[in-house]
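Peer 1: The lines below spell out each chain.
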Amino acid sequence: MFELGIADLARGLEAGDFSSEELTSAYLARIKEKDSVLNSYITCCEEPALQQAKAADAARASGKATGLSGVPIAHKDIFCTDGIRTTCGSRMLETFIAPYNATVVEKFNQAGMVTLGKTNMDEFAMGSSNETSYFGAVHNPWDLERVPGGSSGGSAAAVAAHLAPGATATDTGGSIRQPAAFCGLTGLKPTYGRVSRWGMIAFASSLDQAGTMTRNAEDSALMLNIMAGHDAKDSTSIDIATEDYTANLDKPLDGLRIGIPKEHFAEGLKPEVEQKIREALTEFEKLGATIREISLPNNGLSVPAYYVIAPAEASANLSRYDGVRYGYRCDDPKDLEDMYKRSRSEGFGAEVKRRIMVGTYALSAGYYDAYYIKAQKIRRLIKNDFDKAFQEVDLIMGPTSPHTAFKIGAQNNDPVTMYLEDIYTIAVNLAGLPGISIPAGLVENLPVGLHIVGKSFAEAQLLNVAHKFQQQTDWHTHTPGI
Amino acid sequence: MSVSSSDIAYIAHLARLHLSEDESEKAADNFRNILALIDQMQAADTKGLQPLSHAIETSQPLREDKVTESNQRDTLQKLAPKSEAGLYLVPKVIE
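Note that the protein sequences, when read in sequence, are chains C and F.
Mapping the first sequence onto the working numbering, position 29 (from 1) lands on 29, and the numbers just tick up by one.
Mapping the second sequence onto the working numbering, position 85 (from 1) lands on 567, and the numbers just tick up by one.
Derived by calculation from the structure, the hints in this document are not laboratory data.
Note that the structure is predicted; figures quoted are calculated from it, not measured.
By construction, the Cβ of each residue, glycine as well, lies at the ideal position given by its N, Cα and C atoms.
There may be inaccurate statements among the hints.
Ranges between beta-carbon positions, derived for each pair [said to hold, decoys possible]:
id, chain 1, residue 1, chain 2, residue 2, range
1, F, Ser541, C, Asp82, 28 to 34 Å
2, C, Ala350, F, Pro573, 25 to 31 Å
3, C, Val416, F, Ala491, 21 to 27 Å
4, F, Ala518, C, Ala350, 18 to 24 Å
5, F, Tyr570, C, Asp369, 36 to 42 Å
The task is simple: from the sequences and hints, build the whole structure.
Peer 2: What follows is the structure in structure tokens.
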């Protein structure tokens with residue numbers, strides 16, 4: 001049953017092919033057996049998972065099970081879980097146990113789904129390789145010497161290695177889509193505000209958004225049906241009605257207008273990756289879509305602007321870790337300032353400290369206009385580029401990443417090299433748009449991801465387009481065979 | 483933009499971070515590279531543009547000013563590294 005996705009597992013449970021307890025036990029055993037080489041989980045929730053599974057079986061026996069009841073999933077360790085520790089990949093929160101559930105977690109619990117565990121991630125979601133985790137790097141199941149991408153690298157590795165049929169993830173600059181691409185998965189980042197951020201540990205509040213890591217678009221639609229929606233507890237969540245994201249999966253693509261930004265096919269893109277993307281575009285033409293070149297002229301400014309805005313917001317958000325109310329506190333502080341400084345320096349890793357420093361600098365007196373305000377003006381330019389493009393096309397497609405998964409340690413010398421990893425994905429966060437990465441082929445047995453970007457709240461359309469492609473091709477069914 | 487080691491020390495102090503000498507040196511190097519990246523912004527013409535602080539430009543929702551949270555002081559204080567008699571303990575600040 002490990003080859004089954006979420007939709008198939010729900011059908012199997014409904015048909016009585018297996019119980020949730022059997023399914024959950026099997027997954028827990030597989031995690032125990034396989035995860036020592038991957039390190040995709042930080043915490044495994046054995047006992048609570050079995051309790052949830054038994055409750056789901058009981059609900060089914062009494063005719064009260066709905067939809068995905070009894071299907072197990074994993075949560076990125078950025079979502080607070082009542083009674084189960086939430087580390088955010090940091091020493092700062094190594095022993096932190098939240099007294100409440102994130103809205104996203106609560107919704108999956110209410111739907112009767114089972115939490116297998118909490119997945120590894122870059123510390124405070126700051127990274128593109130999952131190497132900044134205090135709990136160690138995650139290994140890509142397609143090649144254990146390579147990274148799974150980041151920051152949702154644990155969610156991606158776990159789903160790709162069949163240690164979970166699906167997982168939650170978050171995306172601030174590409175953190176769902178890039179690991180989905182590197183691990184051969186379907187990774188959806190919804191429109192900013194579509195999913196509640198309440199109880200999701202903050203990195204950059206105007207960019208962070210929760211989404212899904214699954215084996216196919218149908219599973220993603222099923223998860224989004226549960227996650228999406230307004231939450232009064234998150235003042236930035238949008239009060240616009242959700243829809244049934246599975247309803248239009250099979251809608252024909254005749255007349256669909258696809259734009260391909262020339263800036264996403266420029267220097268730096270590996271030719272073998274480009275070839276796979278071009279082949280995927282041909283499939284869409286066969287499905288009735290038309291393709292035309294477009295331009296996003298300010299795309300090159302997205303990484304510089306992001307590395308002002310995201311660190312600035314992070315430096316403010318992470319000021320709450322002061323060693324007083326929760327989190328790590330250093331030993332034997334000699335005074336209050338020493339306690340703040342050493343608790344934060346010992347509790348945070350190098351990349352987190354680096355971004356706090358950059359953000360503090362950008363917000364400091366004398367530099368605010370030159371950096372922060374300038375970056376927000378560029379954010380306007382980037383949004384205007386998308387608005388203009390969407391007057392001519394329905395969707396934008398291109399590569400998710402310029403290359404396939406790189407070797408662990410290969411890009412650690414200069415942080416800027418790592419920052420440029422997200423050159424195709426970051427602009428989408430700055431503009432708040434929905435994006436998805438779907439498997440589009442293999443290069444030297446490593447997955448390539450196709451990036452699809454839609455207008456605000458076009459999640460159903462993205463999933464429809466992804467699903468039609470997955471009916472036509474079988475790239476999403478390839479597995480690393482671990 | 484050049485960054486001196488005293489700049490690094492000042493920023494670290496503002497951010498309440500303690501950097502060792504070794505870390506400071508590395509931080510200065512990384513900082514220069516990151517500033518070179520973000521300084522690419524300065525070439526862009528942004529005259530007359532309104533800063534975009536948020537992708538979804540709506541006003542903040544308002545609600546009635548009434549109590550919605552229950553008192554969870556004990557539960558929340560259990561998370562503190564050090565507390566006593568309902569108070570958070572920190573090093574002495576007044577002699």
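Peer 1: Decide, hint by hint, whether the structure agrees.
Peer 2: Verification of the hints:
At about 33 Å, the CB distance of Ser541 of chain F to Asp82 of chain C agrees with the hint of 28 to 34 Å. In this structure, Ala350 of chain C and Pro573 of chain F meet the distance hint of 25 to 31 Å, their C-beta atoms being roughly 26 Å apart. Taking the beta carbon of each, Val416 of chain C and Ala491 of chain F are about 23 Å apart, inside 21 to 27 Å as hinted. At about 19 Å, the beta-carbon gap between Ala518 of chain F and Ala350 of chain C stays in the expected band of 18 to 24 Å.
As the Cβ distance of Tyr570 of chain F to Asp369 of chain C is approximately 37 Å, the hint placing it in 36 to 42 Å holds.
Figure legend: structure checked against the earlier numbered hints; every hint is met.
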